[in-house]
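Could you build all of it, start to finish, from the sequences and the hints given here?
These protein sequences, in sequence, are chains A and B.
Numbering follows numbering that gives the first Met the number 0, in which position 339 of the first sequence is assigned residue number 338; successive positions increment by one, without gaps.
Numbering follows numbering that gives the first Met the number 0, in which position 82 of the second sequence is assigned residue number 81; successive positions increment by one, without gaps.
Don't read these hints as lab results, they were simulated from the structure.
Errors might be hidden in some of the hints.
[Said to hold, decoys possible] Okay, derived cross-link-like pairs now, DSBU-like style, lysine-lysine, Cα gap no bigger than 35 Å in a straight line:
{"id": "1", "chain 1": "A", "residue 1": "807", "chain 2": "B", "residue 2": "47"}
{"id": "2", "chain 1": "B", "residue 1": "69", "chain 2": "A", "residue 2": "540"}
{"id": "3", "chain 1": "A", "residue 1": "516", "chain 2": "B", "residue 2": "47"}
{"id": "4", "chain 1": "A", "residue 1": "621", "chain 2": "B", "residue 2": "36"}
{"id": "5", "chain 1": "B", "residue 1": "47", "chain 2": "A", "residue 2": "796"}
[Stated by the list, open to error] Some chain A residues well away from chain B (every beta-carbon gap over 12 Å; in silico):
{"id": "6", "residue": "224"}
{"id": "7", "residue": "386"}
{"id": "8", "residue": "497"}
{"id": "9", "residue": "560"}
{"id": "10", "residue": "802"}
Since we're looking at a predicted model, the values are computed, not measured.
All C-beta atoms, glycine included, are put in the ideal place defined by N, C-alpha and C.
Chain by chain, the residues run as shown.
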Amino acid sequence: MKEKLVVIGNGMAGIRTVEELLKIDEERYDITVFGAEPYGNYNRIMLSPVLAGDKTIDEIMLNDMQWYKDNNVTLHSGKEVTSIDRVNKKVIADDGTEESYDRLLIATGSDPFIIPVPGNDLEGVISFRDIKDVDSMIAAAKEHKHAVVIGGGLLGLEAANGLMQQGMSVTVVHLMDKLMERQMDGPAAAMLKESLEERGLHFLMEAATESIIGKNRVEKVHFKDGSEIYADLVVMAVGIKPNVKLAKEAGIHCERGIVVNDTLQTYDPSIYSVGECAQHRGIAYGLVAPLFEMAKVCANHLAKMGIGIYEGTMTSTKLKVTGIDLFSAGDFIGDETTDELVFQDKARGVYRKIVVKDNKILGAVMYGDTIDGTWYFDLMRDETDISEFRENLLFGQAHLGDSGHGDDSRVAAMSDSAEICGCNGVTKGDIVNAITVNKIFTLDEVRAHTKASSSCGSCTGLVESLMSHVLGGEFSTAPHLKPMCGCTDKSHDAVREAIETQEYKSVQTVMEAMEWKTPNGCSKCRPAINYYLVCKFPELKLDDAQSRFINERAHANIQGDGTYSVIPRMWGGMTTPQELRAVADAAEKFNLETVHVTGGQRIGLYGLKKEELPEIWDDLNKAGMVSGHAYGKALRTVKTCVGKDWCRFGTQDSTGLGIKLEKMSWGSWMPHKFKMAASGCPRNCAEATIKDYGVVCVDSGYEIHVGGNGGIKVRATDLLCNVETEEEVLEYSAAYIQLYREEAHYLERTAPWIERVGLNHVKEALIDNPEKRKELAERFNFSQTFMQDDPWEERAKGAEAHEFTPIKVIG
Amino acid sequence: MSDWIEVGTLNDIPKLGARVVSRAEGDIAVFRTADDKVFALRDKCPHKGGQLSQGIVHGDRVACPMHDWKIGLDNGIAIAPDEGCAASFPIKMEGEKIMLSLTPNEGCPNK
Ligand SMILES: Cc1cc2nc3c(=O)[nH]c(=O)nc-3n(C[C@H](O)[C@H](O)[C@H](O)COP(=O)(O)OP(=O)(O)OC[C@H]3O[C@@H](n4cnc5c(N)ncnc54)[C@H](O)[C@@H]3O)c2cc1C
Ligand code: SF4
Ligand code: SF4
Ligand code: FES
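This is the structure in C-alpha cells:
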C-alpha cells in the first residue's frame with residue numbers, strides 16, 4: 000500500500016511542493032490536499048494585476064481542477080481543516096471530512112493583519128489576500144467612489160493602484176514618513192511617491208488610524224490627530240501574520256511561524272511545513288522566491304532521498320505597478336562602516352544606491368531603471384569582490400565592457416548564471432537554452448518551458464530583452480518569424496538555412512522549393528537570395544546578374560541624372576603619380592566635369608555614360624588600377640593615416656596594415672557595404688571607431704574595433720579585443736568579415752547586426768573559440784580566391800557587353 | 000501601322016532583363032520577362048525620371064533602380080500606392096524578332 004501524504008493549504012507553497020515531489024517520485028504517496036478556498040491553485044501574487052484589470056482570474060490559474068485529476072491528487076476544495084489529531088495521525092475538516100496521513104504538510108500561508116481599531120468589522124472593510132477580496136474590491140469600485148488603503152507598503156500600493164485603475168479616488172494612509180520604508184531609502188521613496196501622485200494617488204503620511212466609522216457600511220476613517228476622511232471602502236494592507244493557529248492547537252512548536260529545521264521538518268518528524276506559515280532560522284518569509292526553494296528541499300525529503308538542505312533565501316523586492324520600476328535587496332541603508340555609492344538623475348527619474356563594505360555589496364536600492372538589479376543581486380549573493388570595476392559599478396553591467404546600447408546589450412552582458420526570474424530561480428542560461436533548444440518564439444512559450452516571468456511578472460521586460468537578444472529581429476514580430484518580403488512567409492534565416500541544408504543552387508530553385516507566392520520574387524528578395532547563394536557557394540560563381548541592383552550589375556554607381564561614377568581603388572588611401580596621371584587623363588578624355596576626393600580617400604570621376612564605362616575601365620586598368628567597388632554591397636575602402644612612417648605620434652605602420660587589409664578583402668561580396676580603417680595611434684585620424692572594422696594602433700599592438708557606422712545614425716564601435724601582431728589583425732578581420740557574411744541578413748550593416756546578435760555572440764565566435772575563428776578566416780580566404788577578379792577588367796575585355804550598349808540606336 | 004521597326008532578337012535581352020533603344024526623343028526600354036514576354040516602356044520613371052531599363056524585372060513588373068517604385072510592364076502604370084505612368088509602346092514578335100512601334104499607346108502623358 001502507498002503511504003499517505005496530506006497537504007493542508009492549497010496555495011502556492013503547498014502545491015509547488017507537490018509538483019516537485021511528483022517530478023522526482025510519482026509513486027510513493029496517495030496525495031490529498033485540503034484548501035479553504037473553492038478553487039484550484041492560483042498565482043496569488045498576480046491578484047494585483049487582476050485588480051488593475053490587466054489579467055483575468057483564468058489567466059492566473061496555476062493548477063486547474065483537471066491538473067489534480069491528471070495527477071491523481073485528491074482535492075478537497077472549499078474545506079477548511081479544523082484540527083490535526085497527531086496521535087491517530089489524521090486531520091479533520093469543517094464539514095467532518097477526515098483523512099489519515101503518514102506524512103503531513105502544513106502550508107497554510109498567512110493571514111492579513113487587521114489593525115485592532117473600532118469599526119474594523121464594518122461592511123466595506125476588507126483585506127487584500129485572495130480572490131474573494133479582489134472580487135469585493137471590484138464590486139465596490141462599481142458602486143462607490145472613495146477608497147482608503149491603510150498601509151503604504153508593497154501590498155498597499157498595489158491595491159491602491161488597482162483600485163485607481165478601477166476608477167476610484169484612492170488615498171493611501173501610512174504610519175511612517177516614507178513609503179515602503181522597509182524596502183526603500185529616503186530618496187527612492189520620495190521619487191516613488193512623486194510618480195504615484197502624478198498618476199493620481201493621494202497620500203496621508205504619518206497618519207495613525209484611530210477608528211473606522213459607519214452605521215453598517217464604512218463612512219469615514221478617523222485619525223489620532225483628530226482629522227477624518229471619507230471612505231466607502233477601506234483596504235487593510237498593513238502586514239501579514241503566519242497562519243499557525245492549527246499547528247499551535249495541535250501542540251506543534253511555533254514562534255511567529257511554525258518552526259522548521261533545514262529540511263522543513265517541524266518538531267513532529269512526520270509533519271513538514273513550507274511557505275509563509277513556516278519559520279526557518281528565525282525568519283518567516285512573505286515572498287514567493289523562498290517558498291519555491293523550500294518546496295524543492297521539502298519534496299526531496301518527502302521522497303526520502305534525503306539530500307539538500309534549505310539555508311534560507313536572500314530576497315529582493317520589486318513593485319508590480321506598471322510603469323514603475325523599483326528594486327531593493329539586502330542592507331541598503333548601511334552604517335558608519337559601509338560606503339554608499341549613489342547615482343541620481345532626477346530629470347530622468349533614476350536613482351541608485353549601492354551599499355558596499357570591504358568591496359562587497361551588502362545591498363542595493365534602485366528606482367526608475369532597474370535592469371541592473373539582478374546583476375547587483377548576483378554580486379551580493381556571490382559576495383563578489385567589486386574593486387576591479389568599482390568606479391563603473393553604478394553605471395551597470397553594460398558599462399563594464401564597452402557597449403552601451405539599450406537593454407539588449409545589457410542582457411547580453413549578463414552571465415549565464417545570472418538569475419532573471421527571482422520568483423522561480425530561472426537563470427539567463429536556462430532561458431537561452433529553452434529558446435534555442437525548443438525553437439520557441441513567444442513569451443508564453445518561454446513561460447511554459449521555464450516558468451520565468453510566470454509568477455510576479457516583474458522580470459517580463461528582462462525576459463523580453465533576452466528573447467530579442469537571442470532571437471534577434473524575429474522576436475519583435477513573434478509569434479511568426481518576420482518574412483523576407485511580400486513574396487513569401489519565409490524569413491531570411493529560414494532561407495539561409497534551406498540553402499545550407501538543401502544545397503539549392505539558384506535563385507529560382509530557392510523560390511520554387513520554398514513556395515514563393517510570386518513567379519520570380521521582387522527587388523527585395525531576389526538580391527538577398529542571390530547574395531546568400533554567392534556567399535554559400537563561392538566556388539560555383541552562381542551570381543545572377545538580373546538579381547543584382549543596377550550598381551552591382553554595371554559595377555558603377557548610377558547617379559541622379561542616370562550617368563555613372565567611376566572610383567578606382569587606391570589601396571589604403573595611397574596613390575602614385577602614375578595613377579594620378581591616369582585619372583587626370585581619363586577625366587580629360589571623357590570630358591568629366593566632376594573629379595572628387597571621396598570620404599574614403601580615393602578619387603571619384605563623375606558623369607560617365609553607361610556606354611563609356613568599359614572604355615574608361617580599360618584605360619584605368621592599364622595604369623594598374625582596379626574597381627573600387629564603391630557601388631557595391633562589398634568591401635569599400637580601408638582608410639588609413641600615415642602612421643609611424645611620418646607622424647610623430649604613430650605607433651605602428653597603419654598605412655601598411657591598411658593596404659594589407661584591403662588586399663586581403665577586396666572583391667568580397669557582403670550583406671551590405673563594409674568599411675575599414677587603420678589609425679596609427681589613439682588620436683585616430685582615420686576615424687577607425689565609426690567603421691565596420693577599425694584598427695587603432697597602440698604601443699603594445701592593435702586594438703580591434705567593430706560595428707561602427709558613420710551614416711544617418713552614428714554608432715561608435717565596440718572594442719572587440721587587443722592583439723599583438725599584424726597577422727592576428729588580419730586573421731580576426733577575415734574571421735569577423737566571414738561571420739558577418741554568414742550571419743547578417745542581406746542589407747543589414749554590421750552595426751544593427753551586432754545590436755541584434757549582441758557583441759558577446761561575436762566575442763564567443765572570435766575570441767572564446769580560436770578554432771572557430773580559424774575556420775571562419777579559412778572560409779573567408781577560400782571564398783576570396785574566387786572573388787578577386789577585377790570586374791572592370793572582365794568587362795573592359797567584353798564581358799556582359801549587352802549591359803553597356805543599346806540594343807538599337809534610332810536616328 | 001507602318002512604323003514598326005525591328006530592334007533585335009529575343010536573345011539580345013537577358014531573361015528578367017532589359018535593353019535600351021536609344022532615340023533623340025528619349026530612350027525606350029525593352030524588357031523580357033521570365034516567360035519570354037517582351038514589353039516596351041519609355042525609359043523614364045514617373046517618379047523622378049529613373050531609368051527603368053536599369054531596374055529589377057520581376058513578374059510583369061519592373062522596380063525602378065532609384066527609389067524602388069514598381070511599374071507595370073504591360074501598361075506602364077505605377078503600382079499603388081504610387082501614382083503615375085511611363086508611356087508603353089506596342090511590341091510584336093515575328094519569330095525571334097522583336098518589332099517595336101514608336102507610336103506610344105494612348106493614355107499616358109509621360110512620353
Ligand atoms: C496581492 C498580493 C501580491 C503579492 N505580490 C507578491 C510579489 O510580487 N512577489 C512575491 O514574492 N510575493 C508576493 N506576494 C506574497 C505571495 O503571494 C505569498 O508569499 C505566497 O502566496 C505564499 O504562499 P503560501 O503557499 O505560503 O500561502 P498561500 O498562497 O496563501 O496559500 C495558503 C492556502 O492555504 C489555505 N488554508 C489556510 N488554512 C487552511 C486550513 N486550515 N485548511 C485548508 N486550507 C487552508 C488558504 O486558504 C490558502 O489558499 C503577494 C501576496 C498578495 C496577497
Ligand atoms: S592617428 Fe595617430 S599616428 Fe595616425 S596620423 Fe593621427 S596622430 Fe598620427
Ligand atoms: S551624403 Fe547624401 S547626398 Fe551626399 S553622397 Fe551621401 S547620400 Fe548622396
Ligand atoms: S525615379 Fe523611379 S522610383 Fe524614384
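Hint by hint, here is what the structure shows:
| no. | hint | verdict |
| --- | --- | --- |
| 1 | A:807 to B:47 | holds, 25 Å |
| 2 | B:69 to A:540 | holds, 29 Å |
| 3 | A:516 to B:47 | holds, 30 Å |
| 4 | A:621 to B:36 | violated, 41 Å |
| 5 | B:47 to A:796 | holds, 34 Å |
| 6 | 224 | holds, 67 Å |
| 7 | 386 | holds, 56 Å |
| 8 | 497 | holds, 20 Å |
| 9 | 560 | violated, 8 Å |
| 10 | 802 | violated, 8 Å |
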